[in-house]
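Asker: Going line by line, the protein sequences match chains A and B. 6 is the number of the first residue of the first sequence in our numbering; add one for each residue after it. 282 is the number of the first residue of the second sequence in our numbering; add one for each residue after it.
Among the clues, some could well be false.
Claimed, not checked - Simulated restraints, written as ranges between beta carbons of each label pair:
| no. | chain 1 | residue 1 | chain 2 | residue 2 | range |
| --- | --- | --- | --- | --- | --- |
| 1 | A | 253 | B | 492 | 15 to 25 Å |
| 2 | A | 379 | B | 450 | 44 to 54 Å |
| 3 | B | 614 | A | 175 | 47 to 57 Å |
| 4 | B | 649 | A | 408 | 52 to 62 Å |
| 5 | A | 189 | B | 311 | 50 to 60 Å |
What the hints assert, rightly or not - To be clear about the criterion: a stretch of chain A counts as covered by chain B if any three or more of its residues have a C-beta under 8 Å from a C-beta of chain B, and this derived list gives those stretches:
| no. | region |
| --- | --- |
| 6 | 51-61 |
| 7 | 390-399 |
| 8 | 403-410 |
Unchecked claim - Covered by chain A, according to a simulated footprint, are these stretches of chain B (three or more residues, beta-carbon under 8 Å):
| no. | region |
| --- | --- |
| 9 | 591-604 |
| 10 | 614-627 |
Honestly, the hints are just simulated from the structure, not real lab data. Here a beta-carbon is modelled for each residue, glycine too, at the ideal position from N, C-alpha and C.
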Amino acid sequence: MTETDVADIREDVRWPGAVVVGGGVTGLLTAFELDRRGCATLVLERGTLCSGQTGQCHGWLHRGGIFPDASAEHVDRLDRGARRWMEMIAGLGAAGPVLGCDVGGLTEETLDAVTAAWQRLGLTHRRVGTGGAGCAWLVESPERAIVPLTALQAIIAGSTVILRTAEAVSLLPGRRTSRAEALLIRAGQRMFRLYADAFVLANGSGITSVLPDSDLASRITSRLSFMLVVRSSQVGDRGFAVPAQEALGLFGVPRADGRHQYLLISNFLSYALTADVTYSRLNWLAGIRPTLERFLLDVWKDDDALWGIYPAIKVEPTRPIALGVSSMALLTTRFENVCAGVPGKLVLAPLLAERLADAVAPYVRQSVGCPPPLALVHGLPAAQWGPEEWEVTPLVRRATLFDEGGCP
Amino acid sequence: MRVAIVADGPAQAEVDCSRNPLVLAGGLRELGHDVRLLVVEDAPPARGGTVPEAPDPDAVVPLAPARAGHGLASLAVPPDVVLSVGLSAPIAAAVLAESLGVPLVVSLPAAFFGSCPPAHGYGRLVCRHLPCSCLVVECDRHRLAAQALGADPHRVFVVPPGIRLDGYGDPRSADADRDESRGVAADPLRVLFDASRTSAEEQRFLEGVLTRLARERRRNIRTVVRVAAANGSGAGSAAELWRDRPDTLVVASDDGAKIANLFAGSDLVVIPSATADESVTALRAMAAGRPLVAADCPSIRDVVSTARYGVLARPGWTDEWIDKLDYLIAERAVRLHIGRSARARVETAFSLPQTLQQLDDRLVAVTATWRYDVVGQPAMD
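Kindly generate the complete structure, drawing on both the sequences and the hints.
Answerer: Put into structure tokens, the structure is as follows:
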């Protein structure tokens with residue numbers, strides 16, 4: 006068997022439009038944006054849709070108030086992203102799950118710092134007492150949270166975007182070296198050469214393995230954090246946050262599965278991706294425990310509550326100093342019809358999607374009236390949605406998770 | 282392409298996995314290669330104390346490492362490449378490849394990086410000093426370890442182990458109906474434990490966990506314990522340990538199809554061992570689309586990389602094992618989610634055709650870039 010023979014077993018698929026690699030929030034919103042502009046769009050996801058970083062996040066749409074060192078530029082950008090999300094969700098009719106959020110804290114200085122960002126944006130908030138145990142003040146904030154999977158499902162349902170399961174392997178240059186001609190993909194045990202007009206790489210940490218220019222990989226970085234999952238009858242139906250100044254940015258966003266109420270809890274503590282996960286997890290649990298005991302006492306004291314933890318990888322643009330809010334990264338490659346990006350924050354994904362669509366749309370032919378026939382991609386299995394990470398996280402008693410019984 | 286595989290000896294326990302040289306040889310033949318399998322005579326004996334019979338005895342040639350060059354005589358036509366498979370095989374394979382003037386590919390087994398690796402000097406000899414064209418390892422962790430032993434980073438390639446999926450069918454189609462009835466009094470949930478490699482101490486730990494699970498959480502489960510039929514290390518102790526439990530069935534089987542049936546017929550698989558390499562057991566559970574609760578150790582993490590493919594629990598932490606098993610037993614949706622994701626993962630990353638194709642690509646690339654020049658000095662492009 007020769008190299009030519011190996012190549013021959015790969016099948017060719019020709020897609021008359023754009024191909025988006027990654028079925029997370031960036032990929033799906035970019036596909037939605039391209040679809041809105043009349044481009045036939047195919048999304049490829051190697052696992053299930055919204056199962057990577059998107060399925061790990063709690064869905065808080067930050068507007069800058071919780072970040073003590075957010076610059077005016079950051080706050081404006083976050084606000085634009087949040088407004089775009091709300092427009093998209095409002096456009097769905099049945100508004101989908103948008104959760105109201107409260108912000109609490111201890112000192113008036115923190116309250117002033119938090120509300121200054123909202124006041125600057127002309128957003129209103131309402132003081133609602135002390136919020137029970139832990140908080141000296143609590144406000145009903147203008148910030149909102151969403152369930153990304155549900156919201157994206159509803160957004161994509163109204164489009165002609167095609168969703169398929171496949172893993173991107175590498176880009177293949179065309180005769181004109183300035184453009185990529187095809188994408189080598191793997192679906193199950195079959196390899197395909199997927200020809201298309203343009204390609205968007207929106208597969209988070211997987212971008213670096215497909216990027217044609219290795220130096221671009223240094224422009225994005227990943228860090229490791231964790232998310233606590235709590236199943237408890239004490240969980241309410243509103244999100245809750247304590248700013249970074251007082252609790253390392255404690256966030257709690259509720260979820261429900263019809264039978265139980267869950268709370269996803271995170272904070273700003275994160276680790277280098279090269280750190281040992283086991284020790285990082287122990288360190289993280291030790292770090293978040295005092296804030297749980299102080300600010301989420303009802304849940305903490307619930308003897309029937311079950312607790313779980315999962316690692317949450319966060320892909321962001323590389324920053325010389327990690328101050329302020331992470332921004333988005335748009336990576337233009339040596340192929341003019343290939344663009345990549347990471348949003349840094351969920352709230353920025355619609356803005357990034359617009360820019361990615363702007364970058365590749367000129368190279369994509371317009372589909373005339375009807376979408377391309379599904380037969381073109383019959384060899385690729387349809388992509389499935391979810392579940393989110395908390396749904397597959399095993400839950401244990403609090404004493405087990407926090408090693409309260411000691412080492413065996 | 283003609284391939285000579287030099288192996289320690291076919292591993293009996295892994296009849297459905299690419300780690301078994303017989304499976305590997307058969308797979309490469311199906312891809313159109315002419316494969317000769319040479320077994321190193323004084324290699325450590327395979328599990329059970331004997332080298333099992335090959336399905337095609339004519340294709341297996343005994344090879345003594347000290348006289349590996351004499352193995353030439355058994356090869357009517359010289360191979361295009363020599364592939365070493367196993368812990369002891371690399372030296373004999375290197376002598377053979379050098380004698381023939383053909384490239385050598387060394388596939389380093391998981392045992393090379395396991396809890397009882399070979400002596401450091403042997404590791405350096407194989408990874409750094411052996412004249413091989415490339416080293417093939419099973420995962421990134423092994424790649425880094427090989428590099429730490431002095432391997433040239435540009436010549437270490439990852440080819441994950443592959444498992445035969447034929448026997449498992451497509452678990453997704455039958456899952457929903459079958460799973461619905463489980464957990465009620467008449468039809469308890471079936472928990473499968475493969476004891477064929479597990480030490481007696483780890484088995485006692487699991488037995489304690491299951492006893493407490495039944496007593497404290499009142500879970501209606503039936504434990505199926507699989508032991509190796511052919512005098513496996515865990516067989517004697519397992520039968521004794523589990524004999525008196527009324528809710529336990531001990532099954533002795535080494536047959537690939539029967540093993541697949543055992544996994545497919547279970548609802549949950551437990552792997553309490555952190556000392557033995559249980560990655561093939563984990564792959565079988567994933568191939569069957571069954572969720573697993575496994576000891577959190579490197580060899581399992583290589584396969585079960587996220588909670589979506591299986592649940593990991595710290596070895597020895599009884600409460601954690603009980604809580605996690607209890608949660609999985611109670612939550613059918615979680616079991617289904619994990620089982621489906623695991624099956625998809627095996628299909629895309631750990632299936633036998635996938636492994637064979639990747640290995641084939643590697644062998645083709647090596648022979649295409651290998652040149653034996655006229656003066657007799659090997660050279661690489």
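Asker: Against this structure, judge whether each hint is valid.
Answerer: Results for each hint:
The given range of 15 to 25 Å is broken by residue 253 of chain A and residue 492 of chain B, whose C-beta atoms sit roughly 42 Å from each other. The hinted range of 44 to 54 Å is not satisfied by residue 379 of chain A and residue 450 of chain B, whose Cβ atoms lie roughly 27 Å apart. Between residue 614 of chain B and residue 175 of chain A, the C-beta spacing of about 37 Å breaks the proposed range 47 to 57 Å. In this structure the supplied range 52 to 62 Å holds for residue 649 of chain B paired with residue 408 of chain A, their Cβ-Cβ distance being about 54 Å.
Range check, residue 189 of chain A to residue 311 of chain B: about 24 Å between beta-carbon atoms, so the 50 to 60 Å window is missed. Counting residues of the region 51-61 of chain A whose beta carbon lies closer than 8 Å to any beta carbon of chain B gives 4, which reaches the threshold of three, so the coverage claim holds. Look at the region 390-399 of chain A against chain B: 6 of its residues bring a Cβ nearer than 8 Å to a Cβ of that chain, three or more, so the hint holds. Remark: the region 403-410 of chain A is confirmed as covered by chain B, as 3 of its residues place a Cβ nearer than 8 Å to a Cβ of that chain, reaching the required three.
Against chain A, the region 591-604 of chain B contributes 7 residues with a C-beta closer than 8 Å to a partner C-beta. That satisfies the three-residue criterion, and the hint holds. Counting residues of the region 614-627 of chain B whose beta carbon lies closer than 8 Å to any beta carbon of chain A gives 6, which reaches the threshold of three, so the coverage claim holds.
Hint compliance for this structure: hints 1, 2, 3 and 5 are not met, and every other hint is.
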